Amino acid sequence: MAQALSTPHLISIKELKTEDLELIFSTADNFKDVINRPIKKVPSLRDITIANIFFENSTRTRLSFELAEKRLSADVVNFSSSGSSVSKGETLVDTVKNILAMKVDMVVMRHSSPGACQFLAANIDAKVVNAGDGAHEHPTQALLDAFSIREKYGYIVGLKVAIIGDILHSRVAMSNIFCLQKLGAEVMVCGPTTLMPRYMAELGVKVEHDVRKALAWCDVANVLRIQLERQQTKYFPSLREYTLQFGINKAMLENLDKEITIMHPGPINRGVEITSDVADSGQSIILNQVENGVAIRMAVLYLLADKIVRA
Amino acid sequence: MRILFRSATICDPRSKHHLKTVDLLVEEGIILEIGQRLKAGDAAEISSAQLILTNGFVDTFASFRDPGLEYQEDLDSGLHAAAKGGFTAVCVQPDTLPVTQHKGGISYWLNKSKGKITRLLPAAALTIDLKGSELTEMLDLNQAGATVFSNANHPVMDAGTQMRALQYIRHFDGLMYSLPVDLNIARGGMVNEGIQSTRLGLKGIPDMAEELMVVRDIALVAYTGSRLHFAKISTSGSVKLIRDAKKAGLAISCGVAAHHLLLTDEVLTAFDTHTKVFPPLRDKADQQALIEGVKDGTIDVICSDHQPEDVETKFREFDLASFGAIGLETAFSAALMGAGKKVKLENLLLTLNQQPAALLGHDLPVIEAGQKAELVALDPTLKWTVSESEIVSKSKNSPFLGKELTGKILVTLANNQLYWNQ
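Line by line, the protein sequences are chains A and B. Take 1 as the starting number for the first sequence in this note's numbering and just add one per residue. Take 1 as the starting number for the second sequence in this note's numbering and just add one per residue.
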């Protein structure tokens, strides 16, 4: 197995090799042991400073990264701004210069613009981890999703995974597709026709618009949050209609002839895309995803820190 | 000033020297002599491995930022860039600040560009403030020297306004540009809608957004009987629609930006904002259809689509960056590299000089002894690298920065002035 990542940053799943994914998973296996010990901390990154820069609201991703950084003993600084859209552009360029000046070793960034992390990586010396850039990618989410599936089944090859919801605005869907395909799973995307990119099928995924058919087909259903804040246009008539037509409830799962696994990247709109009794059921691995998120992010940070030349 | 072009192949189908290799002597802006083994005397001598001498290039679509954002491009730097690119006339778009929509604006342009090597052909605004609702004083503007009426990069969404503009322009048999993009569909889009936009999470502009407007405008031309020029088309569907409309005898012409012949949306992977142009770079099939359109004459002109933008508008996140790339200095090379394999050089040159000149009513003198010299000398085999320090445009937003291009403009000669691109 590879000993180091093939990329200097973690910007997209697209650019990773399958060996990179395996290396991240095996490293995360070790860190999962660590975070379940009484002393949940290792000194690996004690000489590393990490800036978490969030230009978009985030609770769990930021918390998860911060926890991962602290478990690795890194020095952590946080910057978040949900600031006005007008000033966003200037802020990123200035952020670049500020980071250069502050001698930060790694940057974890979330930004509303696709390609923003690539822009950052091209202009600073620090290692960059993409925590979500517009509708482009959210690589650590895809990694923790695949890691959770692998944990539940012991394998990924041949599994059928349906990604259900707003595919058009979803970086989680895109990263998941690239990740699962590299690992040998079959992927289906399912959502309203207005929330489905036109060229989706050309990525080699099945495209479905009937959520019942998608549930009947899959082993794992990854249900996405309806991102109301990301929609400039009304893509469906009402939340009520969305829930009636695309929401997943307990009765739908009971009608299936097998028990499927339910995932959700959070935060859940309970009663919209998924009902509470599904989210909290034994079929759900939503909280495992959260726990694995910390282990995966520790693995990514650890492997990227390995590429920093230390004095 | 005496200049001798040594062993140059003439490309001008109107000249008896067309495709012949000759020496050509220019004195005081007039072609003095064309023949074999002319004596140089005190003349500056120009030669190259494969020297081509053709009529000056005429650009149908360039935006300068003068008046308004002169730090991005003013008339001097824009015309300088044009001369370097082989252009002896440039149709400058009215998207200035304020919009060029009164005769004062036209006079400013004409006065300030007087005496330059490259002539400025003014395009006045079609609608007030380019908003697409009220027509400008087109008759007055035409009398002041506006050659073309254009809404620049702002499509006229209201079909009624577009129709009345087409009707009104018949008073002086004027030419009107259309940039066919349906903004209700394209709004928020940044790149071609396709597998690339899907992979990169960038909002796409479907080719249908362009074709809808091409269909609309063809119907309007059929109804009004006026002339219309699609300033820059980008899709295979548009090529087909316009080909059919021309066959049906409608007074329609169209242009393509040189970069659309060379680049496709595959280059977007790097999120390089210099590749964010309007209309967007399309896919391989579109690119091939555009080249085919140049070859069969559906596409009349290749334009620079010169859009200067500075670091403040380009060195930023892809979705927040402005559209546009500079193109005057690289248009010939991009056209040659994109279409040169399929289209003979002498035909390709016509889309850069005689066809746009005819469209805009610009008189290009024939390459014959006794005629005014309005010439460009080039070598289609020479390679050169686009470097920021050598770009003469004030803005450096070229998608070809650092790239090696083939085909170099050596000398531009017009108005008894010479631009020697060493």
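Derived from the structure by calculation, the hints contain no laboratory data. One should not assume that every hint holds.
Have a look at the derived ranges for each label pair, beta carbon to beta carbon [what the hints assert, rightly or not]:
1. Asp210(A) - Glu388(B): 34 to 42 Å
2. Lys342(B) - Leu239(A): 36 to 44 Å
3. Lys403(B) - Ile39(A): 54 to 62 Å
4. Pro43(A) - Phe323(B): 47 to 55 Å
5. Thr193(A) - Ser133(B): 48 to 56 Å
Predicted model only: the values in this text are computed from it and were never measured. All C-beta atoms, glycine included, are put in the ideal place defined by N, C-alpha and C.
Evaluation of the provided hints:
no.: 1; hint: Asp210(A) - Glu388(B): 34 to 42 Å; result: violated, 54 Å
no.: 2; hint: Lys342(B) - Leu239(A): 36 to 44 Å; result: violated, 53 Å
no.: 3; hint: Lys403(B) - Ile39(A): 54 to 62 Å; result: holds, 55 Å
no.: 4; hint: Pro43(A) - Phe323(B): 47 to 55 Å; result: holds, 50 Å
no.: 5; hint: Thr193(A) - Ser133(B): 48 to 56 Å; result: violated, 33 Å
In this structure, the hints that do not hold are numbers 1, 2, 5, in rising order.
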